[in-house]
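**Q** Produce the complete structure using the sequences and hints provided.
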Amino acid sequence: MSVAIIDYGSGNLHSAAKAFERAARSMEDPQAIKVTRDPDAVYRADRIVLPGVGAFADCRRGVDAVDGMLEALTEAVRVKARPFFGICVGMQLMATRGKEHVTTEGFDWIAGDVEKIVPRDENLKVPHMGWNTLDPIREHPVLERLPLGPKGRHAYFVHSYHLNAANEADVLARADYGGPVTAIVGKDTAIGTQFHPEKSQRFGLALISNFLKWKP
Amino acid sequence: MFKVRVIPCLDVKDGRVVKGVNFVDLRDAGDPVEAAIAYDAAGADELTFLDITATHENRGIMLDVVRRTAEACFMPLTVGGGVRTVDDIKTLLRSGADKVSINSAAVSRREFVKEAAEKFGEQCIVVAIDAKRVKRAGGSDRWEIFTHGGRNATGIDAIEYAQEVVTLGAGEILLTSMDRDGTRQGFDLPLTRAIADSVPVPVIASGGVGNLDHLVDGVREGHATGVLAASIFHFGEFTIRQAKDHMVRAGLPMRIDP
Numbered sequence: 001m002s003v004a005i006i007d008y009g010s011g012n013l014h015s016a017a018k019a020f021e022r023a024a025r026s027m028e029d030p031q032a033i034k035v036t037r038d039p040d041a042v043y044r045a046d047r048i049v050l051p052g053v054g055a056f057a058d059c060r061r062g063v064d065a066v067d068g069m070l071e072a073l074t075e076a077v078r079v080k081a082r083p084f085f086g087i088c089v090g091m092q093l094m095a096t097r098g099k100e101h102v103t104t105e106g107f108d109w110i111a112g113d114v115e116k117i118v119p120r121d122e123n124l125k126v127p128h129m130g131w132n133t134l135d136p137i138r139e140h141p142v143l144e145r146l147p148l149g150p151k152g153r154h155a156y157f158v159h160s161y162h163l164n165a166a167n168e169a170d171v172l173a174r175a176d177y178g179g180p181v182t183a184i185v186g187k188d189t190a191i192g193t194q195f196h197p198e199k200s201q202r203f204g205l206a207l208i209s210n211f212l213k214w215k216p
Numbered sequence: 217m218f219k220v221r222v223i224p225c226l227d228v229k230d231g232r233v234v235k236g237v238n239f240v241d242l243r244d245a246g247d248p249v250e251a252a253i254a255y256d257a258a259g260a261d262e263l264t265f266l267d268i269t270a271t272h273e274n275r276g277i278m279l280d281v282v283r284r285t286a287e288a289c290f291m292p293l294t295v296g297g298g299v300r301t302v303d304d305i306k307t308l309l310r311s312g313a314d315k316v317s318i319n320s321a322a323v324s325r326r327e328f329v330k331e332a333a334e335k336f337g338e339q340c341i342v343v344a345i346d347a348k349r350v351k352r353a354g355g356s357d358r359w360e361i362f363t364h365g366g367r368n369a370t371g372i373d374a375i376e377y378a379q380e381v382v383t384l385g386a387g388e389i390l391l392t393s394m395d396r397d398g399t400r401q402g403f404d405l406p407l408t409r410a411i412a413d414s415v416p417v418p419v420i421a422s423g424g425v426g427n428l429d430h431l432v433d434g435v436r437e438g439h440a441t442g443v444l445a446a447s448i449f450h451f452g453e454f455t456i457r458q459a460k461d462h463m464v465r466a467g468l469p470m471r472i473d474p
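Protein sequence lines correspond, in order, to chains A and B.
Using the numbering used here, the letters of the first sequence map in sequence onto residues 1 to 216.
Using the numbering used here, the letters of the second sequence map in sequence onto residues 217 to 474.
The set of hints was computed from the structure by calculation and includes no laboratory data.
The beta-carbon is built from N, C-alpha and C at its ideal position, and this holds for glycine as well.
Fair warning: there could be bad hints in the mix.
Just so you have them, the derived chain B footprint on chain A, three or more residues with Cβ under 8 angstroms [unchecked claim]:
#1 16-26
#2 45-58
#3 124-136
#4 146-160
#5 198-206
Quick list of in silico lysine-lysine cross-link-like pairs, DSSO-like style, CA-CA up to 30 angstroms [claimed, not checked]:
#6 A:K18 to A:K213
#7 B:K229 to A:K99
#8 A:K99 to B:K335
#9 A:K34 to B:K306
#10 A:K116 to B:K306
#11 A:K116 to B:K330
#12 B:K306 to A:K99
#13 A:K116 to B:K335
#14 B:K229 to A:K18
**A** Set out below in structure tokens:
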């Protein structure tokens with residue numbers, strides 16, 4: 001089994017790779033974690049991870065700049081049904097459009113736009129930066145045995161925009177930050193988290209383990 | 217629910233923690249990576265490294281510290297000290313830092329904040345502000361920006377400067393009162409509040425923590441979204457958990473994950 005973490009010049013790949021390696025090490029069925037910018041390796045991988053930090057348009061340009069990457073990714077996830085994990089902007093790219101500064105096309109796997117978060121409480125700062133709990137909306141194998149809800153564990157967020165999903169069925173969990181913020185999306189064999197599991201200590205590693213075990 | 221952050225800060229010189237960290241049994245109290253691992257286990261919400269290495273040749277050591285920390289700790293890490301170029305930021309982020317804090321380079325050239333935010337995103341650009349109260353003849357006091365550990369006055373108004381760097385793309389302000397730093401008398405609350413209320417991004421209060429009430433005051437009175445402290449944690453006076461329990465008792469929302 002192999003897990004491809006896509007290197008397209010964005011994202012803290014080092015942290016993501018180390019977190020996936022740590023989670024993989026504690027599993028019965030070891031999976032090789034490979035950071036790659038080779039579309040063939042992404043196409044052949046059993047699981048795919050798309051990290052991303054920075055602005056939506058920049059990240060989209062980064063994916064497009066690797067010749068054949070978007071095609072390999074789309075084919076692997078949408079046709080071969082490989083499990084996919086988008087992190088932060090990697091998750092936002094799953095949307096129809098991004099509206100950060102300029103309007104940019106996303107992959108359109110999850111219907112909806114990536115929009116600025118506007119907390120109702122004006123004392124709340126943007127970016128939404130720090131630890132928040134998650135409110136589960138829908139059950140999913142990657143959320144199995146994770147303590148969610150107001151008394152549950154926390155996830156680490158750093159973002160000013162979120163994926164406003166058009167279909168409620170695509171949202172697995174939300175966070176509350178002066179209003180609902182989309183925290184986890186999931187559709188078919190793809191999931192995405194707005195927060196950083198690789199920075200969310202034990203909770204994040206448990207979520208990554210669940211993803212590595214997930215057989216959709 | 218969104219939680220207040222407690223952030224221990226480690227001063228690192230030539231790859232070693234200045235004065236050491238003595239709150240748990242560490243094999244090597246001067247190793248920043250060991251200290252980071254201990255703070256991760258103790259439930260710190262973030263960690264900040266401030267590199268005070270003087271020579272350029274030894275700055276590579278910090279990258280190794282960051283790399284080893286990121287391999288062992290799955291928590292947010294901010295690194296500051298001597299960050300002057302876009303390349304400095306790139307190498308720190310590549311090594312595993314999540315946020316980079318810029319101090320005097322932003323004072324001498326504001327455009328640097330803009331360049332950094334455009335390249336890496338506002339969420340990872342922290343501007344560190346060292347401010348000091350200045351008496352003005354005939355006028356009211358104000359806070360001004362100081363560089364080089366509080367030695368060099370710049371004459372720049374701290375509130376205006378904070379607003380300017382946020383407009384340029386700072387995603388967070390790390391605010392240190394040079395009057396209070398090292399005094400153990402608590403944060404400069406009027407300063408913290410003045411800055412926090414005048415910018416839309418999170419402000420981390422720093423400088424002067426001597427007891428746990430000071431942490432509560434920084435949020436309550438100072439309107440900070442996070443509190444940073446060094447010595448009260450490093451020397452075992454209080455644990456992170458004690459600090460958080462105290463803040464919970466004061467009614468603040470804190471993350472206490474087992």
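**Q** List, from low to high, the hint numbers that the structure doesn't satisfy.
**A** 7
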